[in-house]
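Novice: Residues per chain, in single letters:
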Amino acid sequence: MAEVKTIATRESYGKTLAELGAENPNIVVLDADLAGSTKTGVFAKAFPERHINCGIAEGNMMSVAAGLAASGKTVFASSFAMFASGRAYEQIRNSIGYPHLNVKIGASHAGISVGEDGATHQCNEDFAIMRSIPGMVVICPSDDVEARAAVRAAAEYDGPVYLRLGRLAVPVFNDPENYKFEMGKGVVMKEGTDVSIFATGLEVNEAIGAAKLLEADGINAEVINIHTIKPIDKELVAASAKKTGKVVTVEEHSIIGGLGSAVCEALSETVPTPVLRIGVNDVYGESGPAKALIAKYGLDSEGIYKKVKEYLGK
Amino acid sequence: MEILELQKIANEVRKGIVTSVHSAKAGHPGGSLSAADILTYLYFEEMNVNPQDDKNPDRDRFVLSKGHAAPALYSVLAHRGYFPVEDLVTLRHIGSYLQGHPDMKNIPGVDMSTGSLGQGVSAAVGMAIAGKLDNKDYTVYALLGDGEIQEGQVWEAAMLAGHRKLDNLVVIVDNNGLQIDGNIADVNSPYPIDKKFEAFNFEVINLEDGNDMAQIAEAIKKAKAVVGKPAAIIAKTVKGKGVSFMENQAGWHGVAPNDEQYAAAMAELENGGIA
Numbered sequence: 001m002a003e004v005k006t007i008a009t010r011e012s013y014g015k016t017l018a019e020l021g022a023e024n025p026n027i028v029v030l031d032a033d034l035a036g037s038t039k040t041g042v043f044a045k046a047f048p049e050r051h052i053n054c055g056i057a058e059g060n061m062m063s064v065a066a067g068l069a070a071s072g073k074t075v076f077a078s079s080f081a082m083f084a085s086g087r088a089y090e091q092i093r094n095s096i097g098y099p100h101l102n103v104k105i106g107a108s109h110a111g112i113s114v115g116e117d118g119a120t121h122q123c124n125e126d127f128a129i130m131r132s133i134p135g136m137v138v139i140c141p142s143d144d145v146e147a148r149a150a151v152r153a154a155a156e157y158d159g160p161v162y163l164r165l166g167r168l169a170v171p172v173f174n175d176p177e178n179y180k181f182e183m184g185k186g187v188v189m190k191e192g193t194d195v196s197i198f199a200t201g202l203e204v205n206e207a208i209g210a211a212k213l214l215e216a217d218g219i220n221a222e223v224i225n226i227h228t229i230k231p232i233d234k235e236l237v238a239a240s241a242k243k244t245g246k247v248v249t250v251e252e253h254s255i256i257g258g259l260g261s262a263v264c265e266a267l268s269e270t271v272p273t274p275v276l277r278i279g280v281n282d283v284y285g286e287s288g289p290a291k292a293l294i295a296k297y298g299l300d301s302e303g304i305y306k307k308v309k310e311y312l313g314k
Numbered sequence: 315m316e317i318l319e320l321q322k323i324a325n326e327v328r329k330g331i332v333t334s335v336h337s338a339k340a341g342h343p344g345g346s347l348s349a350a351d352i353l354t355y356l357y358f359e360e361m362n363v364n365p366q367d368d369k370n371p372d373r374d375r376f377v378l379s380k381g382h383a384a385p386a387l388y389s390v391l392a393h394r395g396y397f398p399v400e401d402l403v404t405l406r407h408i409g410s411y412l413q414g415h416p417d418m419k420n421i422p423g424v425d426m427s428t429g430s431l432g433q434g435v436s437a438a439v440g441m442a443i444a445g446k447l448d449n450k451d452y453t454v455y456a457l458l459g460d461g462e463i464q465e466g467q468v469w470e471a472a473m474l475a476g477h478r479k480l481d482n483l484v485v486i487v488d489n490n491g492l493q494i495d496g497n498i499a500d501v502n503s504p505y506p507i508d509k510k511f512e513a514f515n516f517e518v519i520n521l522e523d524g525n526d527m528a529q530i531a532e533a534i535k536k537a538k539a540v541v542g543k544p545a546a547i548i549a550k551t552v553k554g555k556g557v558s559f560m561e562n563q564a565g566w567h568g569v570a571p572n573d574e575q576y577a578a579a580m581a582e583l584e585n586g587g588i589a
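Residue numbers (the numbering used here), protein chains in the order written: chain A, 1 to 314; chain B, 315 to 589.
So that you can see chain A by itself, here it is in the shape it has in the complex (with noise of 0.2 Å):
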């Protein structure tokens, strides 16, 4: 088998915003002392003077973001999803959201997969936060091609965008020429006809994997890549949820709040269907290797898969 090239998605980021910086001038890049780790780095190695560093006060660094965007800059605000979406909340709920100014939330280090770090570190809870907060986008990029595709569209995008990045280096899966990224739509990543598997992020791969292992024991799953959060893909959720009759989510976040939750609200107003979510079960996490505690947590091709028989009764 050829070796997979593995990127994550925070480096993906950083290098788009450093082509986004050369191509628009009116690009402004934020961070709170994490330039290095957000890997708004590379931005800023490229355009100093457009790189603001706020220091480790990201609540400052959110309100920062809006004057800026108030002054006509399209500006992108990094962090790790912990400070950003859970420290910083208010300041992009009133300062960025209230008046729909043009900043992106470029949130690092989200999900168990943080690793070592531990559970302080380890934002589970933002999809939850961000989604509730009228008109924003929520972004969770699959891979590094869905990444930097997201990106520039977020920066094309004029309003408040929360782009999920995650630290682990994932598998690039998606197709660099031929991949067209759609705000607010899902994708087919494999069609079936048992089950509908909706995932978000580095569990899309993971979701695939599943739907191998299943496929070997005769389940034919579909596997959805809901990269965006919100506003969610009601068409494509309701449509593939009408032809399995059932419905499992995947997620390295809580089972409250998020992909879990927003496929369950979009299904019980269009074709009421059981669902399965699959995520962090309203726990912490905890310090270890990532690709061990996703594994650890039930979120790998193997403990989705198991879960999946299990909900199927099979």
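Take these hints with a grain of salt, some might be off.
Some chain A residues flagged as far from chain B (calculated, every beta-carbon gap over 10 Å) [unchecked claim]:
#1 N24
#2 K45
#3 A46
#4 Y157
#5 P171
#6 T244
#7 C264
#8 V271
#9 G303
#10 L312
#11 G313
Reference listing, derived: stretches of chain A covered by chain B, where coverage requires no fewer than 3 residues with Cβ under 8 Å from a Cβ of chain B [claimed, not checked]:
#12 48–60
#13 68–79
#14 92–98
Within a straight-line C-alpha distance of at most 30 Å, the following computed DSSO-like cross-link-like pairs (lysine-lysine) qualify [claimed, not checked]:
#15 K536(B) - K510(B)
#16 K450(B) - K535(B)
#17 K234(A) - K212(A)
#18 K510(B) - K446(B)
#19 K242(A) - K180(A)
#20 K190(A) - K309(A)
#21 K419(B) - K230(A)
#22 K509(B) - K535(B)
#23 K45(A) - K479(B)
#24 K543(B) - K45(A)
#25 K185(A) - K306(A)
#26 K446(B) - K15(A)
#27 K479(B) - K536(B)
#28 K446(B) - K45(A)
#29 K180(A) - K291(A)
#30 K242(A) - K306(A)
#31 K185(A) - K419(B)
#32 K230(A) - K190(A)
#33 K538(B) - K509(B)
#34 K45(A) - K450(B)
#35 K185(A) - K5(A)
Please keep in mind that the hints were generated in silico from the structure rather than gathered at the bench.
Glycine included, every Cβ here is placed at the ideal spot set by N, Cα and C.
Given the coordinates of chain A, assemble chain B onto it according to the supplied hints.
Specialist: Below, chain B alone, put in the same frame as chain A:
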């Protein structure tokens, strides 16, 4: 503009504050009245703004970080020609664009949505950074409450402003000495305010009477002349200024006058603010 002329306008602004808050049956008259003279000076004398071109990228900016003083900002904007003075009575009414706290999306002339304390001054820092990036020579003014500076975010903003030497930023603290729960010195004293801003690398100007038009003019002139660092004006003001029974009363922070009180307040203001 002559000082006397500005004082007359400030008095009209006060009438607008009292009238709108009375009509709303809710709102913040005390901290609006304390800031009325500073706001009047900025919008009628100092700032490069044009109500007919309120999004001009070269304009001066004003951020009401103490967003609850919205009645003062709305009254000044209305009298300056951004929207009809008659609309002030719709303040806080359902369906009105005059929201309880400033809403930049729907209110002409409002440069930033504020209301959650501590955030406006950070946005002002962002606007000042944008001015530097674009080589524009506009000035950004931010008005803070003295209770508001208990918010930690104010000092995060001050640190960044000082660090980046934002000499296009003028922060004004409306030091009326009172917050909802009482005297700021009793609740959680922010004093010494001047030394705090100095420590954050601001040029500090102590304005002894922030309700005196000539002194306001002098302080703003000094602040604008500062080069290489941001300026902070610590303005001693009287909460409720201009309506004798509201003056220096914490109880008038967030309460509207009833009909009788409204009539008494307007009668005072009809006499030019002299009780």
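Novice: Decide if the proposed pair is consistent with the structure: K479(B) and K536(B), CA atoms, cutoff 30 Å inclusive.
Specialist: holds (16 Å)
Novice: Are all C-beta atoms of chain B more than 10 Å from that of V271(A)?
Specialist: holds (36 Å)
Novice: Does the alpha-carbon distance linking K185(A) and K5(A) stay inside the 30 Å limit?
Specialist: holds (26 Å)
Novice: State whether the coverage of the segment 92–98 of chain A by chain B holds or is violated, taking the criterion as 3 or more residues with Cβ-Cβ distances under 8 Å.
Specialist: holds (count 3)
Novice: Hey, K242(A) versus K306(A), does the alpha-carbon distance stay inside 30 Å?
Specialist: holds (23 Å)
Novice: Checking the smallest CB distance to chain B, is Y157(A) really beyond 10 Å?
Specialist: holds (17 Å)
Novice: K45(A) and K479(B): Cα distance at most 30 Å?
Specialist: holds (22 Å)
Novice: Decide if the proposed pair is consistent with the structure: K190(A) and K309(A), CA atoms, cutoff 30 Å inclusive.
Specialist: Holds, because 18 Å separates the two Cα atoms, which is no more than 30 Å.
Novice: Under a C-beta cut-off of less than 8 Å, do 3 or more residues of the segment 48–60 of chain A approach chain B closely enough to confirm the stated coverage?
Specialist: Coverage by chain B holds for the segment 48–60 of chain A (8 residues, Cβ < 8 Å).
Novice: Check whether the Cα positions of K543(B) and K45(A) lie no farther apart than 30 Å.
Specialist: Cα-Cα ~26 Å, so holds.
Novice: Is K536(B) close enough to K510(B), meaning Cα to Cα at most 30 Å?
Specialist: With Cα atoms ~19 Å apart, K536(B) and K510(B) stay inside 30 Å; holds.
Novice: Are the Cα atoms of K538(B) and K509(B) separated by 30 Å or less?
Specialist: holds (20 Å)
Going through the hint list in order, the structure satisfies each hint without exception.
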